[in-house]
Amino acid sequence: MSQVFLNGLRLTWVMSLLADAVAILRARAIVGHPPVRPLLDALTPTQLSLELPG
Amino acid sequence: MNSNLPLTGTAELLELLSPFVPDDFINHDWPTGATGGRRRAYTTAQLYRVHLLSLLTPVHSLNLLVTLLPEQRAWRQFAGLRRHSQVPGVRVLHEFRARVGVLGLRQINEHLLAPLLEPYAWRELSVGLIDATDLPAACGGFKKSTGQYSAPHAALGGRTLKTGQSRCFVGYKKHTLRFWLHDYRAGVLLVPLVSWATPANRSEGGLLVPSLHHCQRQWEWCPPLVVADMGYLGAAAKRWCRERWRVAVLTKLRSDMKLVPPYVAWNQAACPQGEPLTWLGLDGRANEHWFGTGASPELCGRCWEASHCPRQFAYRPEEHETLLGRLPLASPIVQQVLQQVRPWIEPAQAYEKTNWE
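Going line by line, the protein sequences match chains V and P.
The numbers in the working numbering rise by one with no breaks, and the one at position 29 of the first sequence is 29.
The numbers in the working numbering rise by one with no breaks, and the one at position 8 of the second sequence is 8.
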């Protein structure tokens with residue numbers, strides 16, 4: 001968005017709403033196509049968090 | 001924000017997003033019927049898709065997009081343009097924008113949002129985030145004769161001081177209320193509910209109430225928790241949101257603001273003798289927040305007021321809209337939301353500004 005050629009408030013508003021549309025389309029694609037996880041994903045080691053006192 | 005989607009600008013991403021564009025809805029609401037003269041060569045959905053390409057490809061201007069479109073087969077395929085010799089010109093795109101307008105584009109966004117928001121409507125806990133982002137104008141300078149910048153309605157606005165950036169810019173601001181789809185567990189997923197474009201000198205806080213009003217009018221619902229930055233500290237708007245829609249607008253406290261009882265710090269409440277208090281809840285009938293001492297208070301056993309102290313204290317929300325308000329700043333839920341969700345605001349804006357290039 002920051003690099004889009006904006007020379008008027010009306011065009012800015014239109015491009016802002018189109019940017020929103022792209023964000024929503026991406027969200028729908030993400031929700032509609034959840035990330036593929038390997039079958040053994042739950043068994044893979046993960047880093048434990050170290051709870052240090054504040 | 002973090003997803004496994006293909007990179008922006010790739011044909012793979014266009015193929016993935018294409019089925020979600022509501023062509024039927026667009027063509028139904030803006031049919032390309034008889035014009036009384038000239039024939040319309042493109043459907044409204046095709047022209048909408050061409051506009052989307054300006055944000056889904058590395059092209060940053062519609063004029064350049066029109067020039068490159070004949071050479072880009074994947075882009076034409078996304079827009080439903082079969083022949084490379086037949087692509088819409090800038091005049092046709094301008095007519096589309098004038099015809100559909102801001103209201104039309106909002107309707108399309110609301111149609112797209114509907115299936116995403118359906119599972120969240122009326123939930124007791126859901127979170128919105130509101131913020132504004134700077135959009136510098138393509139501006140040739142200041143015209144002394146008119147007293148305006150060459151880009152219509154552009155204005156001088158301030159922005160947060162960052163290294164390598166000037167304190168001010170000329171252009172516009174995009175104010176967006178986003179919604180957190182918290183059921184999606186693989187990452188943080190935010191969707192824009194409503195956006196406003198204004199000259200850069202308009203204050204951010206002024207768009208809070210209109211954004212929630214728009215949500216109420218459109219969906220008869222709005223997120224009960226709205227996280228914001230210091231630009232939305234205004235007590236009047238917070239009070240309006242609390243009383244009218246029961247929405248808690250959560251912001252941190254500015255360092256120079258005065259505390260009110262029972263607060264001894266922005267995130268800590270205590271009784272007049274210093275015993276820490278926890279938030280017990282809001283009495284909706286009396287409209288009072290109740291705070292009480294913990295199960296094993298440290299000071300109460302030695303306090304000279306212990307014999308007649310109720311150990312529970314009530315405060316009205318309007319005594320301080322930020323510290324008390326709909327949800328007190330010292331309550332665990334507000335602390336958690338401010339610590340977890342508040343830092344997402346800037347990355348969400350930055351992502352929108354930069355990752356679509």
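Simulated from the structure, these hints should not be mistaken for laboratory data.
Treat each hint with caution, since some may be false.
[As the list claims (entries may be wrong)] Partial chain P-side listing against chain V, Cβ under 7 Å, derived:
id	residue
1	Pro31
2	Arg99
3	Val102
4	Leu103
5	Gly104
[Stated by the list, open to error] What follows is a set of in silico ranges between Cβ atoms, one per label pair, in the way DEER data are often shown:
id	chain 1	residue 1	chain 2	residue 2	range
6	P	His28	V	Thr44	46 to 54 Å
7	V	Leu40	P	Gln77	33 to 41 Å
8	V	Pro45	P	Ser307	15 to 23 Å
9	V	Gly8	P	Glu110	32 to 40 Å
Cβ coordinates follow ideal geometry from the N, Cα and C atoms, glycine included.
Which numbered hints turn out to be false for this structure?
1, 2, 4, 5, 8, 9
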